[in-house]
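Take a look at the letters that make up each chain.
Number of protein chains: 2
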Amino acid sequence: MTTPLNYAQENQEKHLKQLKTFLQIPSVSTQPEHDADVAAAAQWLADSMQEAGLDNVQVIKTDGHPLIYADWLHAGADVPTVLIYGHYDVQPAEPFELWQTPPFEPTVRDNYVYARGSSDDKGQAFIHVKAVQAHLAANGRLPVNVKFIMEGEEESGGANLHAFIPENKELLQADVALVSDTAMISKDQPSIVYGLRGMCYLYMDITGPTRDLHSGSFGGGIDNPLNVLGHIIAKLKDENGRVLIPGFYDDVRDLSAAERAMLAEYNFDEAGWLAETGAPQAWGEPDYTLVERLGARPTLDVHGIIGGYTGPGGKTVLPSTVHCKLSMRLVPDQDPQKIAKAFKAYIQQIAPPTVTVEITGGHGAPATITDFDIPAMKAAATAYAETFGTEPVFMREGGSIPVVGQFQEHLGLETVLMGFGLPDDKIHAPNERFYLPNFFKGIETSIRFLDELGSSKK
Amino acid sequence: MTTPLNYAQENQEKHLKQLKTFLQIPSVSTQPEHDADVAAAAQWLADSMQEAGLDNVQVIKTDGHPLIYADWLHAGADVPTVLIYGHYDVQPAEPFELWQTPPFEPTVRDNYVYARGSSDDKGQAFIHVKAVQAHLAANGRLPVNVKFIMEGEEESGGANLHAFIPENKELLQADVALVSDTAMISKDQPSIVYGLRGMCYLYMDITGPTRDLHSGSFGGGIDNPLNVLGHIIAKLKDENGRVLIPGFYDDVRDLSAAERAMLAEYNFDEAGWLAETGAPQAWGEPDYTLVERLGARPTLDVHGIIGGYTGPGGKTVLPSTVHCKLSMRLVPDQDPQKIAKAFKAYIQQIAPPTVTVEITGGHGAPATITDFDIPAMKAAATAYAETFGTEPVFMREGGSIPVVGQFQEHLGLETVLMGFGLPDDKIHAPNERFYLPNFFKGIETSIRFLDELGSSKK
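Line by line, the protein sequences give chains A and B. All the letters of the first sequence, read from the start, carry residue numbers -17 to 440 under our numbering. All the letters of the second sequence, read from the start, carry residue numbers -17 to 440 under our numbering.
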């Protein structure tokens, strides 16, 4: 008789082939020209859930991209119900010219599959579909009750899932949530994320003259929005990484001595991490370690600027407008809306009267922290240890997964963040990849997690 | 018997039609895809000189775009020789979507011809070809000896004319130079520019990590080139317009009390000038008047920035690189090379060790001042007064015409800057235009200037 683990091992080739098909669909949720692709990815994932043996598979229409729901609820009332979340949309793939192979032609090289979305998050989301399928194929049943909720707007703000959760509390009712959308410390060191940063994303447009002016005829007499933007950016964060917006740090929960000690303990490969970025040196607030700065400290980054003449050669223009995208990563207990308000008030204060500044956006999510003594966290730790042969460490992660905060707020759920990515997966960048051994071990870890969780009675 | 002025007046329609043909050629010298267009514009202009009756018309090959030379040297040794300069290349027309009619489909509306290059400088350069043609058609001769030198790289640095001048001193030998590439104060107030600002143009590329990073995973641990650029820009010029580069003002020649008094005298329409820019208010160094700041004070403007994600929606990228174009407008006696060196040294000093900064370019020209008591300036003043019915005023202009400094340095020539543009011609911007009455009056002024100059014996 085959076991779920045997089933997973025997079907690795097939699972990889399926993943590659999933990765071929350019489901870029922020770019309207990809709307049909996002819909196609949703349907593909729903079909795979149907094939896995899940019940009630539904592609749920929203005002934006669809949600996918599915469940299997026959494990009994005395075992927990786990709500599994993932997202099938991906980041834009630009700049295309920096990809070694095209972003939507998945290619295996050196045990990695290269494609946009391979690690973030299609590969990781698909792991749990395959784990559930392994249990059902081998045993005809699951050790726990399972619900899936998958979204297609994680990379574009997640507004429709955010609206769906409070309106569908009964449907989504569970005992714990499971999300795989993070990275392990390294190939050999599994880790479980217990803290995520939050985010507040903003768009800032600065306009001076209503048309581009000749910088010879007007320079020195009309203020220049590009120069103004420089002054504004310099006033947002100092050169040591301290954000200068009044009130920004008011609600930041200080790290306890115990947590700082724990974070200091695990063996973070700072040199390897730096080498992988190619930057000349690490950087940031001098009073915090790199691990603390990356996971437990808020920050502010400009993500894009375009303004003036950017074609070949020179043009002596004093431009009308400059566009700037930026976000602030938040930590407990900063409130994204309060931070957006503080940002806008500060810009009002520092922007000179020679320009008008328009600020839009402000979508965000609070930071989250999960108690790591709950049974599901212990089940995850055991599953990792058995699969990887090494006990996982608990860590904070610098990224943001807004749904974790929403599960907490509306469903009262703690979330287990069972990541199988790696720090050098190049998510959100050219040449994104997913380490294939982690794809296969991820399925095994998920299989064991469901078993472990099933033996921890409610 | 027809006179040159009669000839010009009788042929206005024909001259406008010819100008429109000239303006149809997209001779953008900085964009290699327009190389053939630049060559076509050169040939068109050379043909028009041939038709005007000039001798020795030559399209001269260079390492870049061609020069055009022509002359008429039969006026005798006792009258001056005037060297007439203009340029047939144009600025890039981007952003195309802001043009009311396409930039290379010349369109007449409300007595203006709208097209890229209409005012800067095809329309103004063509004026003198037509003035010479009027003299030759009416009288069979010119009152002075004339040489033309036209270039196709004014908007892209002018390197090949710069190299040509010192190697062809005999060919270009003259008594005075004449350039129409500036603006009058207003439709009703002709003006002669006696001072031009110089320029130093630079490209700055700032690189941090060697690839785009996820701002969640890396933000707070790796410095961000876009944030760094903000700090650098803020340190280049303060918010009142004072450039902060050490040594920048060392060689600036102070304005004399007499010159400040003269500049204060003419009736500059500050409110109309501001309204035309659409900016909320004028701006600049508080210790100088607007007229002084625009013509007689150096400044620094960022012309273009592109970096990070600039597509639709948001992307949380910590970008690898940002590109920035900027220039400094210079006044007597600042030296462009010395200024470029000071800029580079300062960036070395202020750029943090978290990034690498590459600075290229540095092409430039010194500022120039022409003595306004020389006979050619008086001839120009008389020609303007007779054509426009108003005495011209003498003014400084904020733009840069590098060739004026080169004529001074290599040929020992003073230059008369006989401008027929207007301040709201939108040169270097969408919807560039040229005021048609100034095109026709320009031809008349040039005809009278040649007569006046001919009567001022050498």
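Simulated from the structure, these hints should not be mistaken for lab results. Just so you know, these numbers come straight off a predicted model, no measurement behind them. Do not rely on the hints blindly, as some may be mistaken.
Cβ pair distances, simulated, as ranges [what the hints assert, rightly or not]:
{"#": "1", "chain 1": "B", "residue 1": "Glu15", "chain 2": "A", "residue 2": "Gln263", "range": "39 to 45 Å"}
{"#": "2", "chain 1": "A", "residue 1": "Leu80", "chain 2": "B", "residue 2": "Asp251", "range": "35 to 41 Å"}
{"#": "3", "chain 1": "B", "residue 1": "Glu221", "chain 2": "A", "residue 2": "Glu340", "range": "50 to 56 Å"}
{"#": "4", "chain 1": "A", "residue 1": "Leu80", "chain 2": "B", "residue 2": "Asp17", "range": "56 to 62 Å"}
{"#": "5", "chain 1": "B", "residue 1": "Lys43", "chain 2": "A", "residue 2": "Glu340", "range": "48 to 54 Å"}
{"#": "6", "chain 1": "B", "residue 1": "Asp170", "chain 2": "A", "residue 2": "Tyr231", "range": "35 to 41 Å"}
{"#": "7", "chain 1": "B", "residue 1": "Glu221", "chain 2": "A", "residue 2": "Ala327", "range": "16 to 22 Å"}
{"#": "8", "chain 1": "A", "residue 1": "Glu340", "chain 2": "B", "residue 2": "Asp220", "range": "20 to 26 Å"}
{"#": "9", "chain 1": "B", "residue 1": "Ala327", "chain 2": "A", "residue 2": "Lys169", "range": "57 to 63 Å"}
{"#": "10", "chain 1": "A", "residue 1": "Lys169", "chain 2": "B", "residue 2": "Lys326", "range": "40 to 46 Å"}
{"#": "11", "chain 1": "A", "residue 1": "Asp232", "chain 2": "B", "residue 2": "Leu226", "range": "30 to 36 Å"}
{"#": "12", "chain 1": "A", "residue 1": "Asp236", "chain 2": "B", "residue 2": "Glu79", "range": "23 to 29 Å"}
Note that CB positions come from ideal geometry on N, CA and C, so glycine has one too.
For each hint, the structure was consulted:
1. The beta-carbon spacing between Glu15 (chain B) and Gln263 (chain A), approximately 41 Å, falls within the hinted interval of 39 to 45 Å.
2. Distance hint check: the CB atoms of Leu80 (chain A) and Asp251 (chain B) are about 51 Å apart, inconsistent with the given range 35 to 41 Å.
3. For Glu221 (chain B) paired with Glu340 (chain A), a C-beta distance near 20 Å fails the hint of 50 to 56 Å.
4. For Leu80 (chain A) and Asp17 (chain B), the Cβ-Cβ distance of about 28 Å falls outside the hinted range of 56 to 62 Å, so the restraint is violated.
5. Separated by about 50 Å at the C-beta atoms, Lys43 (chain B) and Glu340 (chain A) satisfy the suggested range of 48 to 54 Å.
6. For the pair Asp170 (chain B) and Tyr231 (chain A), the beta carbons lie near 60 Å from each other, so the given range of 35 to 41 Å is not met.
7. One distance hint, 16 to 22 Å for the beta-carbon pair Glu221 (chain B) and Ala327 (chain A), holds here, with the actual separation near 19 Å.
8. Remark: the range hint 20 to 26 Å for Glu340 (chain A) to Asp220 (chain B) is upheld by a beta-carbon distance near 25 Å.
9. In this structure the supplied range 57 to 63 Å is violated for Ala327 (chain B) paired with Lys169 (chain A), their Cβ-Cβ distance being about 46 Å.
10. Distance hint check for Lys169 (chain A) and Lys326 (chain B): the Cβ-Cβ separation is about 44 Å, which falls inside the suggested range of 40 to 46 Å.
11. A beta carbon spacing of about 33 Å between Asp232 (chain A) and Leu226 (chain B) agrees with the range 30 to 36 Å that was offered as a hint.
12. Between Asp236 (chain A) and Glu79 (chain B) the CB atoms are about 51 Å apart, so this pair departs from the stated range of 23 to 29 Å.
In the structure shown, a violation is registered for the earlier hints numbered 2, 3, 4, 6, 9 and 12, in ascending order.
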